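Novice: Note that this note's numbering gives residue 147 to position 147 of the sequence shown, counting from 1, and the numbers run on in steps of one.
Hints were generated in silico from the structure; no laboratory data involved.
Keep in mind that a hint or two might mislead.
What the hints assert, rightly or not - Derived DSSO-like pairs (lysine-lysine); straight-line CA-CA distance at most 30 Å:
id	residue 1	residue 2
1	Lys227	Lys149
2	Lys227	Lys203
3	Lys126	Lys227
4	Lys45	Lys149
5	Lys126	Lys149
6	Lys45	Lys227
7	Lys149	Lys203
What you are looking at is a predicted structure, and each value in this text was computed from that prediction instead of being measured.
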Amino acid sequence: MTLRGAGLALWLGAGAALAEPIIPADYDALARELTERIDFERLPKRPEPGFNLDHPFHARGAWLGERFAGQQITSDATGHDRLTGLAPAGWLRIVGGEPGHNLSIAFHRGFGSNALFPLGPAGFPKIEARGEGVLAILFDHDQAALGFKLHTDYPDPLGVRPVGESGLEVYFFARDGALLARLEHGPGPGISAFGYRHVGTGKPIAGVVIVNTDPGGIAVDDIIFAKPPLLG
């Protein structure tokens with residue numbers, strides 16, 4: 001995992017940057033600690049373009065969609081969706097994209113398993129839409145740590161996609177919609193694993209938004225997090 005700018009985690013509050021509440025953490029170590037994993041294996045293994053999901057869906061303790069209510073999505077010149085309206089409208093509520101522009105699930109050759117594709121401006125089932133969109137995750141319970149795996153630089157045997165640099169932005173939100181932090185990464189080709197830990201004393205993580213500029217689009221798998229322990 002490569003960070004653009006060491007320790008780039010911005011706490012936005014009272015107009016000033018404060019101490020970093022969220023830091024990168026080792027994914028494998030978190031996977032041994034956290035109890036829950038979303039791996040998309042409940043659906044049959046269907047080759048790309050796979051299953052089109054026009055609405056947010058719930059999976060093992062989290063909602064997945066395009067964005068949070070109040071946020072705005074626009075497309076850029078490279079065919080990617082961008083998060084231009086950052087602030088959610090109050091308490092986090094997951095929202096899907098327009099029909100054909102939300103999410104899809106398909107068997108991914110790189111992972112060797114089902115994976116999630118956020119759909120971009122071209123729309124389902126076009127190949128140039130797969131992985132070019134924005135993904136929002138809203139956890140049922142507040143989180144102190146989480147992680148996910150990402151595949152970038154998907155093979156392009158026809159040479160139809162533009163050449164460019166892969167970039168990843170991850171935004172972290174509290175349940176009341178407050179922006180906790182923003183991390184930027186420059187993932188290499190293939191599979192990368194990303195883990196995060198909340199180290200501050202303020203509001204915990206309730207949701208994240210993942211935005212990418214990968215020329216071949218991203219696929220997401222193995223989202224890890226925790227459910228609260230049972231009491232009594």
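Novice: When the hints from earlier in the document are held up against this structure, which numbers fail?
Specialist: 3
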